[in-house]
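K.L.:
Sequence:
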Amino acid sequence: MTDLPHNDFTQRFIFDDSDARGELVSLELSYAEVLAKHAYPEPVAQLLGELMAAAALLVGTMKFDGLLILQARSEGPIPLLMIECSSERDIRGLARYDAALIAADATLSDLMPNGVLALTVDPTQGQRYQGIVDLDGKTLSECFTNYFVMSQQVGTKFWLNADGKRARGMLLQQLPADRIKDDDDRAESWRHTIALADTLKAEELLGLDNETILHRLYHEEAVRLFDAQGLRFRCSCSRERSANALVSLGLEDAQNLVVEHGGTIEIDCQFCNQRYLFDAADVAQLFAGAGVDTPSGTRH
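With the numbering used here as the guide, the letters of the sequence shown map in order to residues 1189 to 1488.
In short, the hints are calculated from the structure, not lab data.
Keep in mind that this is a model prediction, so the values were computed, not measured.
If a hint is listed, it holds; no wrong ones were tucked in.
The following label-pair restraints were derived from C-beta to C-beta distances:
| id | residue 1 | residue 2 | range |
| --- | --- | --- | --- |
| 1 | 1382 | 1477 | 55 to 65 Å |
| 2 | 1475 | 1249 | 39 to 49 Å |
| 3 | 1250 | 1382 | 14 to 24 Å |
| 4 | 1338 | 1469 | 50 to 60 Å |
| 5 | 1389 | 1456 | 34 to 44 Å |
Cross-link-like lysine to any residue pairs, in silico, SDA-like; alpha carbons within 20 Å at most:
| id | residue 1 | residue 2 |
| --- | --- | --- |
| 6 | 1353 | 1293 |
| 7 | 1326 | 1306 |
| 8 | 1353 | 1398 |
| 9 | 1251 | 1318 |
| 10 | 1225 | 1354 |
| 11 | 1251 | 1202 |
| 12 | 1353 | 1389 |
| 13 | 1225 | 1427 |
| 14 | 1353 | 1396 |
| 15 | 1326 | 1339 |
| 16 | 1251 | 1309 |
| 17 | 1353 | 1422 |
| 18 | 1326 | 1389 |
| 19 | 1369 | 1341 |
| 20 | 1369 | 1209 |
| 21 | 1353 | 1420 |
| 22 | 1225 | 1268 |
| 23 | 1251 | 1420 |
| 24 | 1353 | 1418 |
| 25 | 1251 | 1311 |
| 26 | 1251 | 1417 |
| 27 | 1353 | 1460 |
| 28 | 1225 | 1272 |
| 29 | 1369 | 1380 |
| 30 | 1326 | 1387 |
| 31 | 1326 | 1267 |
| 32 | 1369 | 1409 |
| 33 | 1326 | 1338 |
| 34 | 1251 | 1308 |
| 35 | 1251 | 1363 |
| 36 | 1389 | 1327 |
| 37 | 1353 | 1292 |
| 38 | 1225 | 1286 |
| 39 | 1251 | 1312 |
| 40 | 1251 | 1310 |
Just so it is clear, CB atoms sit at the ideal spot from N, CA and C, and this is done for glycine as well.
Turn these sequences into a full structure, and let the hints steer you where they fit.
P.N.:
Now the structure itself:
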């Protein structure tokens, strides 16, 4: 996709002399688009950005056609964080929260106690997959790292940061034994790779470009950085999808809904705040099979 913004992208890298690979992500415009839809408190905006970065990293490392959905749910001030990122690299997100319960210095455990993280891959063809892990880490980075260690049993570690303006992330993942055959040497190489990455500070990840980050961490290693792959904010809602939801109710229920709502049904997209309106004429047109265009052509 050539029309994607240049400052929203993932970039893969690989170590030539060890069995490890990595991915870096930078989100600015898409992050700003998500935050512009709602007046999120700073801690919510930060977690939402970190979850966006995680979704982008995962899409950058997975080969599939379809949709990746990340949902974090809890019993606390933030009952829901949700990010969707497609294989076409369109990303959107939202959060539900109670602002009155959110302190400026709140931690993940304060904001999302007894939380769970669900990772769902919904392919265009094939079977839907979902994995779930408790939000028992101090940070979202720890939670994603724990998920891969527990469910995928692949050496993986995440670094995620967001500050309300930029969302950044890095992922390292162990590859099958190839360059290093000895188990002890392989384990030591992985520990060394992770230890160097752990020296990266949040302000460095947020403020430096990818080439500089990799040089600071691995200037003594042979690292290849591949071309950047763009991402963008794009919502998948449409008047047609909203109409299909009404059709699924059945004619009688849809007509009753129009009456209950004073003559006009309002369907709002929680991701982008787009509003779709349907009146009695629209409902009659839908069930007559005449499509979703409004008779007057003036409603969204």
